[in-house]
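Colleague: The listed protein sequences correspond, in order, to chains A and B. Our numbering applies: residue 1 is where the first sequence begins, and numbers increase by one. Our numbering applies: residue 1 is where the second sequence begins, and numbers increase by one.
Possibly wrong hints are sitting among the right ones.
[Stated by the list, open to error] Calculated pairs, DMTMM-like style, for lysine to aspartate or glutamate (alpha carbon to alpha carbon, straight line, at most 20 Å):
hint: 1; chain 1: A; residue 1: K423; chain 2: B; residue 2: E87
hint: 2; chain 1: A; residue 1: K423; chain 2: A; residue 2: D361
hint: 3; chain 1: A; residue 1: K25; chain 2: B; residue 2: E84
hint: 4; chain 1: A; residue 1: K2; chain 2: B; residue 2: E20
hint: 5; chain 1: B; residue 1: K8; chain 2: A; residue 2: E382
hint: 6; chain 1: A; residue 1: K2; chain 2: B; residue 2: E87
hint: 7; chain 1: A; residue 1: K7; chain 2: B; residue 2: E20
hint: 8; chain 1: A; residue 1: K7; chain 2: B; residue 2: E3
hint: 9; chain 1: A; residue 1: K336; chain 2: A; residue 2: E323
hint: 10; chain 1: A; residue 1: K35; chain 2: B; residue 2: E3
hint: 11; chain 1: A; residue 1: K423; chain 2: B; residue 2: E58
hint: 12; chain 1: A; residue 1: K2; chain 2: B; residue 2: D77
Just so you know, the hints here were simulated from the structure itself, not pulled from any lab data.
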Amino acid sequence: MKSRTIKVDYLARVEGEGALYVKIKDNTVVDIKFKIFEPPRFFEAFLRGRTYNEAPDITARICGICPIAYQMSSVHAMEDAFGVAVDGQLRALRRLIYCGEWIESHVLHVYMLHAPDFLGYPDAIQMAKDHPDIVQRGLQLKKAGNDLVALLGGREIHPINVRVGGFYKVPTRQELAPVAEKLKWARDAALETVRWTATLHFPDFEQDYEFVALRHPEEYPFNEGRLVSNKGLDISVHDYDNHFIEEHVQHSNALHSVQKGRGSYFVGPLARYNLNFDKLSPLAQETARSVGLSNVCRNPFQSIIIRSVEVLYACDEALRIIEQYEKPDKPALEIKPHAAVGYGCTEAPRGILYHRYRIDDEGVILDAQIVPPTSQNQKTIENDLWQFIPQHIKLPNDQLTLQCEQAIRNYDPCISCATHFLKLTIDRV
Amino acid sequence: MHEFSLIKALIRKISSIALEQHASKVISVTVKLGALSHISPDHLREHFVHASQGTISEGAQLHINILNDINVPMAQDVTIENIEVIENS
């Protein structure tokens with residue numbers, strides 16, 4: 001037996017956070033596993049023993065792209081627990097900061113991640129060489145969202161100004177004025193974005209999904225409403241745990257959410273749009289119709305247009321809120337903690353984000369449950385691939401990988417930040 | 001949060017080198033851990049033990065050279081320096 005040392009000098013790299021395993025037997029797909037490697041992050045456990053007012057800042061750290069969603073779901077859950085209702089201008093400011101987050105998150109996905117798939121570029125950097133004006137418009141539009149979050153939240157990423165009961169500091173009308181100017185430009189750019197995305201080529205792919213989103217009697221949903229679906233679900237957020245369940249599957253580190261007795265469901269822009277088209281602003285509705293969309297869209301590839309419509313809505317809604325804004329007397333309502341359970345569900349850019357907390361008399365968190373949108377969509381993503389792959393089974397592996405990446409990216413899953421996140425293994429037996 | 005993917009890539013690289021070299025077993029692996037590499041030596045070791053199970057590297061010694069200079073260009077990286085293998089006889 002002889003041993004030998006081999007010099008290597010190889011840089012170990014992060015090669016993506018997701019993998020797709022496909023097993024094909026006699027030209028038929030027999031197994032599909034969409035795996036998420038990202039290890040469990042234990043946030044629900046971190047929260048135990050912390051006080052109720054720390055939840056918005058701790059949970060915001062879960063995501064650098066949608067921290068506002070985590071802050072909003074946590075503050076609404078705490079306020080639900082303590083019987084406090086934030087209304088008037090403070091409530092409006094919460095919608096306003098959410099508009100900022102939808103703009104920055106959706107624009108990032110539409111321009112930097114999803115569009116290159118449609119136009120055949122490996123990433124937005126390559127796309128910028130041929131389409132500099134489009135990429136610049138995307139960057140500037142995203143900045144309008146960042147500016148809004150920075151003004152209301154204190155900074156763009158992981159903002160620190162949101163608290164249970166309201167905000168630490170609220171802006172004056174004068175402070176909002178320059179942002180409104182940028183938003184007027186952004187609204188025009190968003191309109192152009194809808195028109196542009198509608199010209200892309202979409203695979204013919206429609207499924208009979210169960211869409212789940214919040215629905216509010218008066219407005220397109222951000223922070224409040226009942227959970228409804230196109231197949232008859234209509235429940236209070238308090239009943240979430242009676243209708244949905246998180247299952248552990250061996251091949252993924254993200255839990256799969258299903259509706260009890262009914263299976264997979266679909267959350268996110270497409271679900272919101274299909275269930276709330278009538279609550280979009282007239283401009284957003286008109287623009288959607290003008291590019292050929294009806295009030296229902298079942299093709300997940302067209303989610304790029306729907307996201308753009310939501311960006312347009314967010315700009316429009318932000319301008320409406322700013323126009324009617326008057327600085328509230330107090331930046332936050334007083335909170336008196338007591339033992340209780342609180343529930344919160346808000347519309348993160350990627351879909352409903354559910355939080356539940358059990359609090360003791362001192363305001364200390366006893367346990368926490370957080371269900372993010374990507375884990376709710378994961379089963380639907382796998383189902384899509386079961387339908388989608390057989391249609392493209394004859395493609396060579398590299399092209400099939402690109403098609404599958406695009407099909408997964410329709411859902412803007414949290415792992416999509418990696419441009420080429422997918423390692424596809426095809427096992428032909 | 002990227003450890004899993006990083007370690008998988010590392011194990012895959014080691015396995016492919018071992019295969020190229022017609023090795024029957026990997027005895028040790030030496031890696032250089034940059035000062036800003038976002039992973040502690042203990043954490044790396046723990047992941048390595050798990051990820052190497054069932055591969056040619058299972059049971060291999062992991063030597064970690066820890067770099068302290070944050071200003072070198074490779075400060076953020078994890079580099080495989082060398083591997084020691086038993087050759088197929």
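Colleague: State for each hint whether it applies.
Modeller: We went through each hint and held it up to the structure:
1. K423/A with E87/B: With a Cα-Cα distance of about 31 Å, the restraint between K423/A and E87/B is violated, given a limit of 20 Å.
2. K423/A with D361/A: violated (49 Å)
3. K25/A with E84/B: violated (40 Å)
4. K2/A with E20/B: Given pair K2/A, E20/B holds - Cα atoms ~16 Å apart, limit 20 Å.
5. K8/B with E382/A: violated (23 Å)
6. K2/A with E87/B: Holds, because 6 Å separates the two Cα atoms, which is no more than 20 Å.
7. K7/A with E20/B: Judged against 20 Å, a Cα distance of about 13 Å means the pair holds.
8. K7/A with E3/B: Violated. K7/A to E3/B sits at ~23 Å, over the 20 Å cutoff.
9. K336/A with E323/A: violated (33 Å)
10. K35/A with E3/B: holds (15 Å)
11. K423/A with E58/B: Violated, at about 23 Å.
12. K2/A with D77/B: violated (31 Å)
In this structure, the earlier hints numbered 1, 2, 3, 5, 8, 9, 11 and 12 are contradicted, and the remaining ones agree with it.
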